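A.B. asks: Sequence:
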Amino acid sequence: MYGYAGKVLRVNLKERSWKVEALDVEKAKKYIGGRGLGTKILTEEVSPEVEPLSPENKLIFITGPLSGTPTPTGGRYMVVTKSPLTGTVACSNSGGYWGAELKFSGFDMVIVEDKADVPVYLNIVDDQIEIRDAAHLWGKVVSETTQILEKECAEKAKVLTIGPAGEKLSRLASIMNDYSRAAGRSGVGAVMGSKNLKAIVVKGSQKVQLFNHDQLKEVVSNCTKKIRENGVTGQGLPAYGTAVLVNIINENGVFPTNNFQTAVFDKAEEISGETLAEKYLVKKDPCYRCPIACGRYCKVDDIEGGGPEYETIWAFGSDCGVSDLGAVIKANYWCNEMGLDTISAGATIAAAMELYEKGYIKEDELNGVGLEFGNAEAVIEWTKRMGLRDGLGDKLAEGSYRLAEMYGVPEYSMTVKKQELPAYDPRGIQGHGLQYATSNRGGCHVRGYMISPEILGLPEKLDRFTLEGKALWAKIFQDLTAAIDASGLCLFTSFAMGAQDYADMLNAAVGTDFTAQDVLDAGERIWNIEKLFNLQAGIDPSQDTLPSRLLNEGIPEGPSQGLVHRLSELLPEYYSLRGWDTQGIPTVDRLNKLQISESALTTEEVAAGDK
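Residue numbers (this note's numbering): 1 to 611.
These aren't lab readings, by the way, just hints derived from the structure by calculation. Predicted model only: the values in this text are computed from it and were never measured. Glycine is no exception: its CB is placed at the ideal position from the N, C-alpha and C atoms. It is possible that part of the hints are untrue.
What the hints assert, rightly or not - Dumping the calculated SDA-like pairs for lysine to any residue here, alpha-carbon to alpha-carbon at most 20 Å:
1. K140 <-> P119
2. K58 <-> R16
3. K29 <-> D521
What the hints assert, rightly or not - The calculated label-pair distances, taken between Cβ atoms and stated as ranges, are:
4. L577 <-> E218: 29 to 39 Å
5. E44 <-> Q209: 19 to 29 Å
6. E15 <-> P556: 55 to 65 Å
7. G408 <-> E468: 37 to 47 Å
Using the sequences provided together with the hints, build the complete structure.
C.D. replies: Right, dumping it as structure tokens:
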């Protein structure tokens with residue numbers, strides 16, 4: 001078997017039992033792996049109506065066929081489950097080294113079922129599997145847990161864990177690996193916490209078998225050359241990390257500030273990637289087999305660790321009106337320690353700041369910690385309290401939508417499908433806004449990164465203000481991204497590479513005969529089974545929308561002044577291009593064309609969901 005390890009580890013925590021199953025290779029190739037195969041298994045084994053934090057939900061840790069191979073960035077893994085934040089399918093992506101190590105242990109995926117009676121952790125050393133007691137780890141932050149397990153388990157083992165936020169079932173909880181890498185979004189850490197599973201430790205000694213070593217070596221050489229010659233992946237990201245975007249996005253007038261009340265931050269330079277590199281950067285922190293090395297390792301005062309990324313700098317920075325980059329680094333550190341999604345955590349604090357500004361949150365709820373926009377110490381302290389569910393932090397741990405809803409004003413939550421929007425104001429980027437609204441996992445920038453053509457000009461420059469062609473571009477980017485996630489590679493490679501490059505790598509590693517169109521078709525297949533799951537989970541197409549502020553209130557200043565998002569003009573074309581009906585429901589013809597009519601969610605059930 002090539003590319004795939006060929007084995008699945010299925011663990012039942014309640015019974016403290018496990019078994020090894022053979023990978024269904026034909027199904028794996030049809031969905032590529034990773035996000036695709038993981039979602040397919042979820043749709044077959046978990047009811048879309050399941051309560052996400054119940055024992056009946058499952059947690060799938062899955063690699064792609066290129067994970068653990070010499071391909072550039074081949075170290076990704078995905079966490080697939082039903083999200084407690086959104087109620088949608090959740091598929092959170094992480095880098096570092098844990099994913100490659102899982103593959104080296106001989107497994108493509110781990111399926112976790114039911115709930116342990118007491119805290120446990122899973123220890124995998126090749127084919128030696130143990131479910132061990134984790135009472136001594138419960139309550140500990142991520143770094144301490146990781147350090148203990150590195151000493152307790154096999155030498156050079158890789159550790160994946162949750163922090164206190166996951167244990168306390170915060171809907172913003174992430175799953176952390178390699179100290180500071182995060183499967184961050186959609187509350188997957190809360191699902192892990194609900195199962196009393198503190199950590200998974202892996203150590204492997206096996207190699208991934210490849211179909212054609214020489215062919216793959218040539219393909220990898222060509223792709224790596226493209227990456228290194230590209231302005232974004234070869235220059236901007238290596239030099240300044242993802243925070244290279246701060247000044248670029250601000251200069252375009254789409255840098256959300258003060259909870260999206262405006263889109264220009266007059267102190268953006270103080271929190272930019274250039275300032276980060278000048279004042280706080282210790283070293284680059286690359287993932288497995290990554291020629292880009294966008295990861296940062298920073299230090300401020302007595303705090304040091306991985307990050308922060310661009311999205312984090314925005315969330316705790318301009319979105320909260322904060323220009324103190326040192327405070328942002330500290331807030332990022334505490335997100336990593338608590339196991340919190342930095343985007344949702346920062347954006348939830350920003351929403352709380354507006355609720356306080358507008359008089360909804362009262363002074364007596366703050367317990368001595370301010371919530372004014374621009375309060376640098378507040379973003380640090382509220383991050384800690386959110387992770388511990390302390391005081392008002394207990395409400396913040398539910399996310400901005402539920403927080404704002406508690407005060408009767410859900411419109412102050414800048415979310416799609418209850419997940420916080422990332423660091424780009426869609427009012428000034430029409431294609432990206434469409435991608436936000438239609439994302440299958442709620443507010444997300446990495447389900448179809450339209451910033452690439454609309455802002456960065458890759459693979460070509462599009463006018464960000466116009467609607468022409470944007471529905472087709474969004475669909476293509478969404479489908480390609482799904483295929484990249486399924487393969488086990490990093491999305492950032494798409495700045496320099498196209499669908500044919502991914503097909504070439506898969507063919508050489510796995511022995512498939514994919515064309516570029518086959519890769520896009522697989523991505524579309526993945527997108528549609530996610531949509532089917534969501535429909536049956538009650539996520540109807542009316543939720544393919546944006547916050548009312550972004551549809552009705554023009555940006556008040558800057559290069560994008562006066563703009564709103566014109567979603568209603570784009571959605572009909574988008575649905576049509578997807579082969580869905582006018583209500584956004586996949587048609588039988590399109591499902592048959594994509595060979596997913598055998599889905600556990602039948603076409604009759606889908607039609608019944610059109611209410």
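A.B. asks: Please write out, lowest number first, the hints stated earlier that are contradicted by the structure.
C.D. replies: Of the numbered hints, all hold.
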